[in-house]
Amino acid sequence: MKNPLDTLWGTVISGLILTFVLFYIVKFAMQ
Amino acid sequence: MEFIQLGIGRWLHVIAGVMWIGLLYYFNFVQVPALAAAAKDGTGAGITKHVAPRALFWFRWGALATWVMGAMLLGKAFFDAFLFLKPAYYPIGVGAWLGTIMFFNVWVLIWPNQKKILGMVQASDEEKGRARRIAFLASRTNTLLSFPLLFFMTASGGLFRTAVWS
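Protein chains in written order, with my numbering: chain A, 2 to 32; chain B, 4 to 169.
Just so you know, the hints here were simulated from the structure itself, not pulled from any lab data.
Worth double-checking, as some hints may not be accurate.
[What the hints assert, rightly or not] Taking lysine-lysine pairs in the BS3-like style, the calculated list, with each CA pair at most 27 Å apart, reads:
#: 1; chain 1: A; residue 1: Lys28; chain 2: B; residue 2: Lys89
#: 2; chain 1: B; residue 1: Lys79; chain 2: B; residue 2: Lys89
#: 3; chain 1: B; residue 1: Lys79; chain 2: B; residue 2: Lys131
#: 4; chain 1: A; residue 1: Lys3; chain 2: B; residue 2: Lys131
Go ahead and model the full structure; you've got the sequences and the hints to work with.
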């Protein structure tokens, strides 16, 4: 599999996915 | 004291942060593609000689100022945030950790390798090739991490403060 960091869009999409994942982890932890 | 810590400190934190992340986006969205295009017609020398060293100067010192001002802003809550001791500090704790990882990447991975790439320190062609890949991946990692970083920096005083679950 190609490294997503080798393309700008792969980097941006990975960053957005990580944002959502961390958001739900923090939201769950704060409940 | 509160005025300096929370007023001036937050202001300088944002100014330095714009400098840092703005130049990070410049490197990733502008300079890297520009140098790839310039490599085809041999016109990239001006960028690497005159632009990149200046951009890297403000980039790395902007990163340091952002982190120091951020730590000052946290103040007594520094350990509550970094060690996730209180739920109210979970969002800013995640933001602080992301910022710290990015700060580490700037000073430990990007800057020392950029010095080899730009010829500021002696390096063989093989070492330069390796340095180029490490600096590139660290820079791209920081671009990736900047999205959740900016979300948690803004949401810790916004969404998370007003949300029903907090």
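Now the hints, each set against the structure:
1. Between A:Lys28 and B:Lys89 the CA atoms are separated by roughly 13 Å; this keeps the pair inside 27 Å, and the hint holds.
2. Straight-line distance between C-alpha atoms of B:Lys79 and B:Lys89 comes to about 13 Å, which keeps the hinted pair within the 27 Å bound.
3. Pair hint B:Lys79 plus B:Lys131 does not hold up; C-alpha atoms about 43 Å apart against a cutoff of 27 Å.
4. A distance of roughly 23 Å separates the Cα atoms of A:Lys3 and B:Lys131; the hinted pair therefore holds under the 27 Å criterion.
Hint compliance for this structure: hint 3 is the single one not met.
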